[in-house]
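One line per chain: the protein sequences are A and B, in this order. 1267 is the number that the working numbering gives to position 152 of the first sequence; each next residue is one higher, with no gaps. 80 is the number that the working numbering gives to position 27 of the second sequence; each next residue is one higher, with no gaps.
To be clear, the hints were calculated from the coordinates, so they are not data collected in a lab. Take these hints with a grain of salt, some might be off.
[Unchecked claim] Covered, in the sense of this in silico footprint (three residues per stretch, anywhere, with C-beta under 8 Å from a C-beta of chain B), are these stretches of chain A: (1) 1135-1145; (2) 1156-1163; (3) 1210-1218.
[Unchecked claim] Sample of chain A residues lacking proximity to chain B, with all beta carbon distances greater than 12 Å (derived): (4) PHE1129; (5) ASP1132; (6) ARG1149; (7) ALA1151; (8) LEU1152; (9) LYS1180; (10) GLY1183; (11) LEU1252; (12) PRO1274.
We treat Cβ as the ideally placed atom computed from N, Cα and C, and that holds for glycine.
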Amino acid sequence: MDGAAMLAELRARFGSDVVETHEHRGDHTAVVTREALRRVLAWCRDEPSLAFEMLTDLTAVDYVKYPGRQDGPRFEVVYHLYSLTHNHRLRLKVRVDEDDALVPTAVDLWPIADWFEREVWDMFGVRFAGHPDLRRLLMYEEFVGHPLRKDYPIDRRQPLIGPAS
Amino acid sequence: MAQTTQREFMLGEGSGTGSGSQNLRVGVGPAHPAMHGIIRITTELDGEVIVKADVEIGYLHRAFEKDCEEGGYNNAIPFTDRLNYVSPLINNFGYCAAVEKLLGIDVTERCKYIRVIMSEISRICDHLTCIGASAMELGAFTVFLYMIKAREFLWELVEDVTGARLTISYGRVGGVKADLPDGFAERTAKAFKETREVLDEVHRLLTGNRIFMDRMIGVGALSREETIAYAITGPLLRAAGVPYDVRRAQPYDVYDRLEFEIPTQKDGDNYSRYLVRMAEMEQSMRIVEQALAMVPGGPINVDFEGRPVDPAWYVDRGKQGKTEGLLLVPITLSPNLLGSERPAHERINAHDKRVVLPPKETTYGSIEGLMNHFMLIMEGNGIRPPRGEAYVAVEGANGELGFYVVSDGTDRPYRVRCRPPCLPPMAALHRMIEGQMVADLIPTFGSVNMIGGELDR
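So that you can see chain A by itself, here it is in the shape it has in the complex (with noise of 0.2 Å):
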């Protein structure tokens, strides 16, 4: 199925659950609300058209500072999945506000997603709910902040940390 039939479908299926979706380049990018976010990950697995075995990415964007967004949703939340049966590719997006920033987790369908959401919590702040254990991935723990949000200065200085006393 190539990019465009594929978005097709997810409209069909999931009607007004797909906020969005376009074509940049070369790849195709649905974006889809957070309550219907588990179902399409699901579905876009286990559907025998689809396939998608692999999570390969998943990762996040902070739009505060980018011109004609500032005032949406601050999070996006972008996974990209990979199909090792049809080899095609798709990017789903799910879009979240700062003070509410709480993605379901994709840990039960791919487990490789736990590193990457811990990795996302890490530097953005976003949380997973049902997530097994939602630590820290890069920084250590008594880490303040976000590094990777936009209003996060680059050389902002924190206190390293000793041995635990």
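Fit chain B to the known structure of chain A by using the hints.
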């Protein structure tokens, strides 16, 4: 399947018996002499068996993604060197490919071949390091020395082309920094001859070695289904029997014109990973040899009128404003440090003034070139891809290396995300080592080939 049984047997899973004795918690790392890389594994041991393991990473975090947002598009290239520092060229080209996709430009034919050649040489270096280091950790120090010797020959090739051994910063958005030097094909042939001899020796030392096989076969195995569910790619996935390789599945550059095989094994254990890597090095050399035979443009014609011009004199004239006729003078600049000369520049860089810096002769020799240079270098100017986003995957030495770049239309990337190929295997490492002996942790960790630079970014 045998692996699951072993795991269940060792852990007492399902039987409900267990040993009943008290478990011992042992921390391995962050700096442990038997592990190359800074990582902490907290293990819970029952006797010598690892019952539970927790892998902790992040000790080498250097804010790669944050740093990329602070400079222009080409400023991120030195940072990408330091992701996988054993095969930095692949990182360079992966990032450049993502920005090029965002811009919608295509690089020249010769540049594509150069990227393929340099990527494959890097891949061989990476596999040599991986196998050498993990063999050393099993006591086979000879293998390590032999393989580092072979890597040295290849790094000399890399140094000839890029001017550096490790932090090469050779890729550019829209091209590469410099053309291949004269006599590169001959030197490559010589280096490959040496490498093949080393591989042959290592095969004889390791592949049928009883001690090595006992330590590797059936150790650290991951089933095919689990490997896929953990999004593990590269040699680890191919060792589990899935012939997925980005170079074949979604060819970029000129991989679709080259003949090569994708070696696979079926067991998914450390020994299979070793065999896959050994076979891949031979395939990489095949690719380089084909690409060198096919690369268009031929050797660089140094001076077609037999009138060599000293680059320093040329640059001085330009700086004094005496630019008359300078553009007509063919000159040769050092391809390494000063930038590539004009004929080579046109061959290896996309013809797009919005993206590619002009050759140094043009910068110093004409006002248009100078303006073009400034428009790309000055604060607030530079490469400005239209708004949008792009994800590009290349086959890194450890698997799928992805770059996801978001542009807001300014000269700085809004977001650069690197999908590190060795993060998924590290996330699954606890599945590979639980139920195994403590001593097996070391070869398994070696076979994963963790590279701290790209894992922690």
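Legend entry - Violations among the numbered hints, reported as their numbers in ascending order: 2, 3, 9, 10, 11
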